[in-house]
Amino acid sequence: MVNSNTNALGIIFPNSYDSWVSELVNVRLMASIPFASRYRLIDFILSSMTNCDIGNVSIMVNNNYHSLMDHLGSGREWDLVRKNGGLNIFPPFAEKDSKPYVGRVGALAGILDFLRDQKEEYVFMTDTNIAVNFDFKAMLKTHIESGADVTIAYNEQELPECIKQNSSPSKGFYYTFDIEDSKVTKIYVNSKESGVQNFSMNIFVLKRDLLIDLIDEAFVHGHQYFERDILLPKLNQLKVYAYKCEGYIARICDLKSYYDENMKLLDDYNLNALFSGPSIYTKLHGGNPARYMGGSKVQDVMAADGCIIEGEVENSILFRSVKIAKGAKVKNCILMQGTVVEAGADIEYLVTDKNVTITAGKEMKGTDTFPVYISKFQTV
Amino acid sequence: MAKEMIAMLLAGGQGSRLYALTEKLAKPAVPFGGKYRIIDFPLSNCVNSGIDTVGILTQYQPLVLNEYVGNGQPWDLDRLYGGVHVLPPYQKASGSDWYKGTANAIYQNISFIERYDPQYVIILSGDQICKQDYSDFLKFHKEKDAEFSVAVMEVPWEEASRFGLMVADDNDRITEFQEKPKEPKSNLASMGIYIFNWDILKKYLEEDEADPNSENDFGNNIIPNLLRDNRRMYAYHFSGYWKDVGTISSLWEANMEVLDPEHSGINLFDEDWKIYSRKSAMTGHMISAGAVIENAMVTDGCQIKGTVKHSILFEGVKIEKGAIVEDAVIMGSTVIKAGAVVKHCIVAENVTIGQNAVVGAMPSEEEKGVATIGAGITIGDNAKIGPNAMVNKNVGGGEEQW
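If you read the sequences in order, they're chains A and B.
Here the first sequence is numbered in our numbering, starting from 1 and rising by one per residue.
Here the second sequence is numbered in our numbering, starting from 1 and rising by one per residue.
Heads up, some of the hints might be wrong.
Residues from chain A shown here face chain B by an in silico Cβ test under 10 Å; the list is partial [said to hold, decoys possible]:
hint : residue
1    : D43
2    : R291
3    : I309
DSSO-like, lysine-lysine: derived pairs with alpha carbons at most 30 Å apart [stated by the list, open to error]:
hint : chain 1 : residue 1 : chain 2 : residue 2
4    : A       : K326      : B       : K24
5    : B       : K368      : A       : K323
6    : B       : K337      : B       : K318
7    : B       : K131      : A       : K283
8    : B       : K305      : A       : K331
9    : A       : K331      : B       : K321
10   : B       : K305      : A       : K323
Treat the hints as calculated values from the structure; they're not laboratory data.
For each residue, glycine too, the CB sits at the ideal point set by N, CA and C.
Please work from the sequences and hints to get the whole structure.
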């Protein structure tokens with residue numbers, strides 16, 4: 001048989017780090033946070049998998065996942081409607097003595113039988129809080145050539161202030177490494193170190209059989225976290241390697257970083273860095289082009305289809321079907337789908353969620369260090 | 001299970017009056033309105049009217065159209081029973097033939113229609129921009145107990161002689177048909193959209209095929225034969241937006257009307273009657289600092305650094321710094337380089353217009369032409385393209401074409 005698929009399946013954890021962006025996940029989860037005018041965060045990882053011929057992807061939804069189900073549908077836009085493999089969404093499977101799970105171990109323990117039945121030799125596991133055009137094929141190749149048991153992708157960057165301030169265990173864990181000759185020699189949990197760190201992207205690859213064994217054992221012992229409870233204690237027994245990602249990364253750690261990472265894409269250089277690789281797919285909506293009326297004044301704006309713009313917009317990101325009426329002024333804002341800014345309103349440094357209305361003549365301003373968030377369906 | 005009504009969409013025409021735009025694709029596949037192709041309009045009308053079975057008759061340059069229609073999913077026409085089917089001419093045990101005329105195209109697909117055992121068949125044309133509720137048309141057809149109905153538009157009397165005209169009585173019953181007459185007796189122009197009772201259509205198609213002198217055309221043969229036999233024929237008055245986009249100037253004009261939905265009547269922002277299209281995956285469009293944009297439609301993937309006035313930009317168009325685009329239709333992924341001036345024209349897909357080149361001109365007393373650049377053409381730096389030019393070959397740097 002012609003082998004057109006990569007010999008790996010994907011497992012995505014869409015709820016990871018929800019607690020970092022509590023405002024944005026009120027009505028959704030990390031994976032379905034709107035990003036870059038017409039995408040949701042999961043589009044980046046999912047499209048990267050599709051583009052790397054990974055045709056068997058499981059999504060371990062835990063809570064608040066209606067928006068994600070709506071977004072993914074049958075997975076057609078990512079070419080994941082398949083007879084074999086394709087897109088699987090696994091909600092928690094409640095049995096009479098089961099509790100809601102935290103961490104990857106509990107999630108995976110619930111699908112061990114499914115994992116045993118699959119054909120692919122390797123498994124990729126990822127979160128969705130990073131927008132990246134990721135080359136899973138290159139990572140798999142490196143993993144196989146190195147003879148590692150587990151390979152983790154990382155990038156070199158300073159730890160964002162927000163997560164250092166917010167690093168209580170109740171907010172979840174993040175990981176940094178010491179690396180020697182590509183081998184991970186030490187794993188740090190919730191480090192507060194300054195300076196450039198080897199910062200885990202939480203993209204893992206390992207053999208399916210090994211994953212099943214590790215999860216089986218960890219679950220019996222009541223463990224929860226793959227990194228903290230499996231990799232870290234076993235660092236001497238397992239060959240854990242690190243794979244450095246050199247590509248463009250937009251990592252969402254809080255509302256401010258969400259704001260900044262969106263805004264960075266107004267710079268052509270960053271936009272091309274994220275999007276010039278293979279296509280990023282997203283749910284397609286039947287809509288019309290954006291319409292700019294006479295008298296509109298627009299500078300440094302990224303906008304999606306369906307917007308109608310009569311007023312002034314500067315340095316902003318507009319999602320689908322945003323309406324900006326005559327005389328309205330919008331500056332340094334992120335306006336999600338269906339936001340309406342009525343005549344004469346004047347807004348700056350706002351992040352409006354879906355279907356927010358700013359009524360006529362209102363003035364509302366955040367600051368560059370503190371963008372103001374307005375939740376879904378609010379009218380100001 | 002029988003279908004009440006299925007649609008047959010005539011999409012085989014070359015559209016020769018669109019010249020450079022239809023050299024490599026059929027007229028219904030010509031892009032329109034920023035993110036559509038002409039065929040999106042009849043297909044979306046079908047779906048919005050509740051018709052779930054559509055046969056598309058193709059013949060001329062069908063590749064782009066075939067790929068675009070695909071399995072019909074963007075229009076919700078990927079159905080277990082019915083859905084959209086592309087129907088090219090095919091070889092039969094008795095021989096094979098191209099579609100000789102509009103009626104012959106349907107005749108050759110009688111067996112397709114019979115698979116659905118419909119009561120009514122609506123014949124649509126793939127070269128019109130129109131939002132129309134075909135279910136209302138069918139209601140009229142049933143109320144009149146008609147055997148044949150045709151959708152008609154009232155046109156100004158002075159233009160009537162350019163059209164096929166239906167002469168009807170007070171009860172809308174058709175008494176006479178005039179094809180582009182010198183002395184029109186009516187101003188009801190046929191839109192080329194017909195509803196037939198299937199048994200009647202089949203009978204007349206078979207008779208027409210048996211007639212060696214027939215041109216196998218609906219307008220020239222089938223309709224006159226129905227009239228001759230005194231069939232129950234009615235004219236259904238349609239008063240919404242309708243535009244035949246068979247010429248460069250009408251295609252340009254219809255695109256410009258999209259920019260003014262308040263007055264022109266073609267509203268693509270209508271949530272109640274959506275026009276669906278097959279989309280590609282591109283990022284939102286970018287308007288950079290220093291760009292000027294007035295009264296324009298801009299689609300995903302565009303990058304605008306220059307000036308855009310009263311124009312339609314399709315997906316992925318790039319307008320570089322200092323370039324000026326006015327009254328223009330710029331189709332997908334075309335690049336307009338720095339300092340180029342592009343006015344009152346249609347530029348097809350994947351065109352590159354070089355630095356400081358000039359394409360088209362605003363209309364003056366003598367010149368009212370719409371310059372047209374075919375798909376994939378490169379216009380060199382400093383080249384000049386006149387307002388009546390029809391460009392289907394690359395134009396080198398500094399050269400002129402009028």
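Open item on the list: Flag every earlier hint the structure violates by its number, smallest first.
Closed with: 4, 5
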